[in-house]
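Visitor: Sequence:
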Amino acid sequence: MTYDCSFLSELSLEGAVSFEDSARENHAADWVAQEAGIGVTPDAVVWPESTADVSAILEAAHEQEIPVTPYAAGTSLEGNAVPLFKGISMDMTKMNDVLDVRPDDFQIDVEPGVMGNVVDETVAEHGLFFPPMPSSANLSTIGGMIINDASGQKTVKYGEVADWVLELEVVLADGTVIETGSKAVKTSSGYNLKNLIIGSEGTLGVVTRATLELEGIPEQIKGGRAVFEEMDDAAEAVFDAVRSGVDVAKIELIDPLAGEMANAYFDTGLPDAPMIFVEFHANHGIDEEIEFCRAIFESHDVERFEIAEEERMDELWRARNELAFAVQQYDPDLSPRHPGDVTVPISKYPDIIRYAKELGEEYDILLPCFGHAGDGNVHYAALVDPDDEEMVEDAEEIYGAIVEKAIEWGGTATGEHGIGMGKRKFLELEHGEGGVEAMRAIKRALDPKDILNPGKMFPETEDEGVRVNL
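Here the numbering used here is used: position 397 in the sequence shown is 629, and no number is missing along the way.
Read the hints as simulated data drawn from the structure, not as lab findings.
Take the hints with a grain of salt, since some may be wrong.
Computed beta-carbon distance windows for the label pairs [as the list claims (entries may be wrong)]: (1) 243 with 498: 42 to 48 angstroms; (2) 424 with 236: 34 to 40 angstroms; (3) 233 with 538: 54 to 60 angstroms; (4) 421 with 672: 22 to 28 angstroms.
The calculated EDC-like cross-link candidates involving lysine to aspartate or glutamate, where the alpha carbons are at most 20 angstroms apart (straight line), are [claimed, not checked]: (5) 418 with 336; (6) 657 with 669; (7) 415 with 336.
Beta carbons: idealized from backbone N, C-alpha and C, even for Gly.
Input sequences plus hints: build the corresponding full structure.
Guide: In structure tokens, the structure reads:
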């Protein structure tokens, strides 16, 4: 269905509006949808520059029942920003101001279009940083991180983005502007609407301002890697380190196949073996913590445990940070199918790694596994020839089996990427019929006309004319 969005030109907006084909086509897909050759062209694109703009757009769209899909950097991995029902793509990237920095309170106020790395660059002069930043900080906006409840390599020590958001300004579907949370570090006042908005994937409201909590940059930072002969030993070493209370800021697992892909992408010289990358943050006693970790790894037959020189830290982490691109570029005849991000209780981490690798071998499909091991997270992707129907079907079976096994073991279908388009079918399996109906009730209450990012989260809202699945 095509919508008449000409009313946007009649609004007194500070930002721009476009009905041009080029602008509309540039907002038809996000990163993963584009890679899958999937896109839905919106009827109009609008770039608000203020909360007042967002409010005016949503109020008018609500009145005329026209869908609005928030869009930022377009780097989401579940088709979160694809405008499935057409209508308006609301690009938030022009709302990119740092509004205030309060180093004495360890706080920063930003608009949603601010890139993640800008936050750290802005507060570094005060000796501060934003700990839960995902690896894609230089490619992702703060608004996108909040609305998908992102997390990253340092989650094992610092938690996810939701743990560091203090206050939000949000525009609801009908244009109403609300504030949720508090600049105080805790509040028991009223419903926790802030955490309802976080992770809602643009289906309940549009974030226009965020107050983030910051942390002091540690005086001591050291990192390195451990090399193992067997994958099981590496996975068990991760579990043992976390269970034993090693104070580690990053602990990342890379299987031999993922290492091979990293070497092919930028010649990192990684060994052909399972690896754990680690980083430690402390203000004192960091060497003792490293030796504690070393002792645990040695009990799992570690072959080498190396701590990098400070000037080589960036080089050390480059291989991990760019693995998604390495997987994508590994074989021109193969494409990664479904970027998985299941997360399980840490005691089940070795089991889920073992299960995933066994499935890859059973179906004879390349299935690299890596991820934020310390919080039980696994990233994986089956590489397939998109023209080989049997291979694609096998990849779908692998993907679904891993997700279902993670949920069976008390985990989640998605630790970071969100539900979006790709994981809708697993929502009820994870949360139960009653849980999902409660979510639907919240959606109906805050967005009764279903104009905000329709077609996401709930499979039954998929447009009959747009049969799109990742």
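Visitor: Hint numbers the structure violates, sorted upward?
Guide: none
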